[in-house]
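Please build the complete structure, drawing on both the sequences and the hints.
Residue numbers (our numbering), protein chains in the order written: chain A, 83 to 454; chain B, 83 to 454; chain C, 83 to 454; chain D, 83 to 454.
Bear in mind the hints are in silico, worked out from the structure with no lab data behind them. Treat the hints loosely; a few may be bogus.
Copies of the same chain look alike in the list, so a pair counts if it fits in one copy or across any two.
[Unchecked claim] List time: in silico DMTMM-like cross-link candidates among lysine to aspartate or glutamate, alpha-carbon distance up to 25 Å: (1) 134 x 284; (2) 351 x 403; (3) 354 x 153; (4) 389 x 276; (5) 392 x 250.
Remember, it's a predicted structure, so these values are computed and weren't measured experimentally.
Each chain is listed here by its residues.
Number of protein chains: 4
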Amino acid sequence: MKNTFGSSIAVTIFGESHGEEIGVVIDGLSPGIPVDREFINSQLALRRPAGKISTARQEQDEYRIVSGVFEGRTTGTPLCICIPNTQTRSKDYAATRALARPGHADFTANTKYHGFEDYRGGGHFSGRITAGLVAGGAIALTALREKGIVLGTHIARCGGVNDRIFGDLAADVAALQNMPFAVLDESAGVTMRECIEKAAADGDSVGGVLETAVLGMPEGVGEPWFDTLESLLAHALFSIPGIKGVQFGAGFGGADLRGSAYNDPFRMKDGKVITTTNHNGGINGGISNGMPIQFRCAVKPTPSIYKAQKTVDIHRKENADLQIEGRHDPAIIHRARVVVDSVTALVLCDALATHFGTDYFTSPLRTSCFAD
Amino acid sequence: MKNTFGSSIAVTIFGESHGEEIGVVIDGLSPGIPVDREFINSQLALRRPAGKISTARQEQDEYRIVSGVFEGRTTGTPLCICIPNTQTRSKDYAATRALARPGHADFTANTKYHGFEDYRGGGHFSGRITAGLVAGGAIALTALREKGIVLGTHIARCGGVNDRIFGDLAADVAALQNMPFAVLDESAGVTMRECIEKAAADGDSVGGVLETAVLGMPEGVGEPWFDTLESLLAHALFSIPGIKGVQFGAGFGGADLRGSAYNDPFRMKDGKVITTTNHNGGINGGISNGMPIQFRCAVKPTPSIYKAQKTVDIHRKENADLQIEGRHDPAIIHRARVVVDSVTALVLCDALATHFGTDYFTSPLRTSCFAD
Amino acid sequence: MKNTFGSSIAVTIFGESHGEEIGVVIDGLSPGIPVDREFINSQLALRRPAGKISTARQEQDEYRIVSGVFEGRTTGTPLCICIPNTQTRSKDYAATRALARPGHADFTANTKYHGFEDYRGGGHFSGRITAGLVAGGAIALTALREKGIVLGTHIARCGGVNDRIFGDLAADVAALQNMPFAVLDESAGVTMRECIEKAAADGDSVGGVLETAVLGMPEGVGEPWFDTLESLLAHALFSIPGIKGVQFGAGFGGADLRGSAYNDPFRMKDGKVITTTNHNGGINGGISNGMPIQFRCAVKPTPSIYKAQKTVDIHRKENADLQIEGRHDPAIIHRARVVVDSVTALVLCDALATHFGTDYFTSPLRTSCFAD
Amino acid sequence: MKNTFGSSIAVTIFGESHGEEIGVVIDGLSPGIPVDREFINSQLALRRPAGKISTARQEQDEYRIVSGVFEGRTTGTPLCICIPNTQTRSKDYAATRALARPGHADFTANTKYHGFEDYRGGGHFSGRITAGLVAGGAIALTALREKGIVLGTHIARCGGVNDRIFGDLAADVAALQNMPFAVLDESAGVTMRECIEKAAADGDSVGGVLETAVLGMPEGVGEPWFDTLESLLAHALFSIPGIKGVQFGAGFGGADLRGSAYNDPFRMKDGKVITTTNHNGGINGGISNGMPIQFRCAVKPTPSIYKAQKTVDIHRKENADLQIEGRHDPAIIHRARVVVDSVTALVLCDALATHFGTDYFTSPLRTSCFAD
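Given below as structure tokens:
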């Protein structure tokens, strides 16, 4: 399934950077989930470019929900959201069409689609497409919140600067909601932004690391061997452009620990089984254990830079020099974090619906059309 | 799909650590792939415990191919391999059944399967099940080799010791084939083994990092957005017990680079497009670019340790102390590497067959039953 | 996968009868397939209501292709078609909302979606949604035609009247293209239309049988056991509202024959293997055998009739009488046949791409963006 | 997914007629379903050849459950059943290998698998493989029965003779259980058997029609558009060798009715919504409506006949005459009915688990490993 992901709840994306519309179809959502248009707007705003640390392209993301919502709630049938592209400047791309941008999908897409791909602005490979995931993810986040599951992502590292690590998770996750540049330590955020601005001034770009925590996830969710929570989350996260690494819990650092230090001891607390550490990131054997699910994503530096680069002319099959024009982000990590939240929410909804059935998220407020 | 993975070529696994047999069904293999039983044996031998750095359980893995092979070649219909369990000592587990082993799936499996799971030796969650993946993966590796694709994995880090990084990839990958403790630098390997033996002597365990390189992968393979090569590989790799991190190319380290340093410049070489660095690990936009595919997996320390641990009695719902008996590995990283090779091979075969069709691997030696 | 069908080429549908837009996403189409907007229009016209044998609702189906087409050809990335609903008269439905229409999905949808479903005009269960399948199917039909595969469907039976059976298949299939009321025998068509008009005059409706033939299908396509051509076609055909039976070749009638009469003898003809009869409908063992693929679909009479009916009030949980208002079709069989053609084309494209690879339909006219 | 079917509960089959073993893997079964080996045996006995109306090949079907069952109940992890082939006489097939048997998959398999297929006894295309479906289906039938869902199939027509139609469904379905030649009217059964014996005496074969009824199916199950109950059932049923037609409710005959006669009126009965007729076969809009699910399958006459037939030599590419040797069934309809029951049970379990969650069938007797 190329552009569809999920089994009980399946997400299908479509669109190109300079096409007429981009969008998403979410199928399998329980009927009765409230659709909060303000929240969708605020999530889309978090993804939108922000001042001098972002591209100058400003899309208003005036989305339309064209199906799947009736009287303010999900119907249970496919929910399609369309978002028009309005701020395209395709001429920026025509001159350099044959010059594959290093780090981008230009060369591989040309190989795979034999030159029929829409090359403008990266076409279907543009980060623009993530707007659909964010709009749809907002509904998934609402569905999770109604079941007591909340999540948040911060920029754990950017430009070589570390944010502080998660502390009081409930407070930290709450604080991250709706924060335009999501850091736990404001001063770290200031330094990170300076790094981005400096890179921008140099015609260059930076990457970073995002860290996510999910609270309230019920235990027993995940479908080993192949649909473990780690497998499902990693599958979807690696679909986000620029993500080149995913680790759960202690991740790569944990590989240096001995088992006696790494193993998370079980204890009873308030009648519930907990672990006193969380090196496994809330997942044992691919199944949620009731502890917070925690993972990190490595985001590579944005490939579109203004510095001169060496490349090839894929038409003439010869070496060439490339000077990129157009509007580009010196960093996407602050915009990517809402995409990570959205994708995470969609994956968790799917895993929950697989285990608990398609009615899992159905609003308890109404159980028949005449009950209200 | 819980225990089935892949679309064009699908792998289904079954079995428990102390059940009658474990096994694998591989469906969708091109007809005509030679099935080399010696090679399957040698791959299974790489996965088997090795002396004092491994468990004392010694399975001979006397597998039977019960379907899908005729006159020494794949038929194109489902290939099922069964491997009997013969060396089970289930009594080791009965006494501590209620005591969830930290870091294991005991607690989450009990939650998910409501106590009906086969708990002996970890049941379906045992690393034992990977023997089926290795047997099936051997056929996938043969299929790839016939198309000029080879791959190898080394222990890049273990017990805090680094192996040297990949140099001449073709030579290094060739050297890794059939090496029991797969390192590029023999002296690093000696130190790693000492670390493992020391941990074993302490009743403890170690983890590590595996690094894989794939050579000869054709460009244009991978199905964005959701079935990118990174997504497919990570999905399957995170299904291997103990893997808690996956990164491609420069991965987490690359997140500290600027775009001008990270971007891989394209150049022409011998009429072919190459990149002069490979920070993207051979994948742009989720599609292979013709360069070596490179990735790393973080393997957590083996959770079964002989040191006393704190846990809960999931029956009595109370705190408890755990002293594990039985036979366990102080490290699995040297055994896991052939599992990583096998899973990688199966995923790449699937991606290639999706793109090029189900006949992609069909032996060119014979195109009809009467041609030979 | 609820509203997505197919593996190599996947179709996702969305929309409700009285929602803002309905549509379809087709993913996995080879790049380079010409997109003929006139042909899409003419196919949509065949599905549109036609005079007094159809509903009075007249949608213009002014579709927009919002993604996946560039410079007149498919890009290889998801192709989304949106079709606005403009002629909705939702008030027709409000008064009788609680009265489940017999033969419709009103009751089952209410049960499944707990009253959150969009009930207006049948919501997501409306035949209106098939417009998306027809628009997408037109592109699939074009793709098939470029590979020499053509297909056609006629009304084999309606109102108790039989059309003549297929004779010269190539001529018959050609004649059926673009025929508004698709019959091989014009006089049978006249009688059928009279039957429909008479039923309409009585406030009643009729059903019928559609018969399809596919010519030029290559041999060797279909993926037994479970993805046989029969399984894939039947799966998709039974998704079309109103279809209650599907049979291949001699079908139910063939069950009365003896094997010696039923078996299709093989013969050589012009260096090619053919069969001298086609009781198996071009499929042996679930795989195409190179003969025409032939099948029949039973279409039940349209459930929306103006006669008084007995039903229940699903709100009050009591018996009730129902007098339907609104605009309805006394027959849908003449409109359904283009839906059958479309769905058939989409399924065959999927099966072909699975076997021959994702590039199977790629236009031979251009193999890189600079070749033209 | 070629040899895997289902989403929440997935069935994978493997094996060849003359291979070492055939079998099935069922994944996703709720934990705690009792596994009744006697019932599996009795179901396999119904599939086994029976005297002179069947093949002389007598397999004892001494199956082994090699995984997924612990202490007499399903574990929730993959359940694999292996059944050895013991009565193979492969030499019967060697002489006529190149002569494609009309009506069989010999020619299409040779085309698809390029001659690498195991041709002996039809290889993977043999009805022998259905033994795995029957063994697995027995567990699914048990799971359904625990939820109050029962089903049965009778030979509605064979050799031109009709069985009586279903009357008191509960009594009829009960009577069909464990009946070797499943008819409702014993005298019709006698005539049918005479027809089969007469065909056998002529070296010929017969087909027939099977009719199935499912009682107790909860309303609201089925996932339109594409995973309607009709679509899922037809998909799986058309995978059974020899089935060439499937119809629900009134099926093809219903296509001649007017809407006023066909529509099933809703009524309240004992506080439950029922319909007073069941022309829709218990399914509206692809979703179960709580009435019995009823469908018919057309079974073509067995293609293996002893009469001389015309065919081609696929090696020499020339016309040839064929005189089949070996052991063959003059009819399979009486053996196919238990296959239909089994496949139906597996599909319904899958649809129920998709809707109600993976725990739907979990035995209520025990909810943790220590509760008993």
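**Request:** Classify it for me, residue 134 with residue 284: is the Cα-Cα distance of at most 25 Å met within a copy, between copies, both or neither?
**Result:** Within. Shortest intra-copy distance 13 Å satisfies the 25 Å Cα cut-off; inter-copy 55 Å does not.
**Request:** If the cutoff is 25 Å on CA atoms, where do residue 389 and residue 276 land: within, between, both or neither? Let me know, please.
**Result:** within (19 Å within a copy, 48 Å between copies)
**Prompt:** When no copy is named, should residue 354 and residue 153 be tagged within, between, both, or neither for a Cα gap of at most 25 Å?
**Reply:** For residue 354 and residue 153, neither the intra-copy (39 Å) nor the inter-copy (28 Å) Cα distance is at most 25 Å.
**Prompt:** How do residue 392 and residue 250 come out at 25 Å by Cα distance, when the copy is not named: within, between, both, or neither?
**Reply:** This pair counts as between: shortest inter-copy Cα distance 24 Å, intra-copy 47 Å.
**Request:** Could you figure out if residue 351 and residue 403 sit no more than 25 Å apart (CA to CA) within one copy, between two copies, both or neither?
**Result:** The answer is between: 16 Å across copies meets 25 Å, while 63 Å in one copy does not.
Of the numbered hints listed earlier, the single one contradicted by the structure is hint 3.
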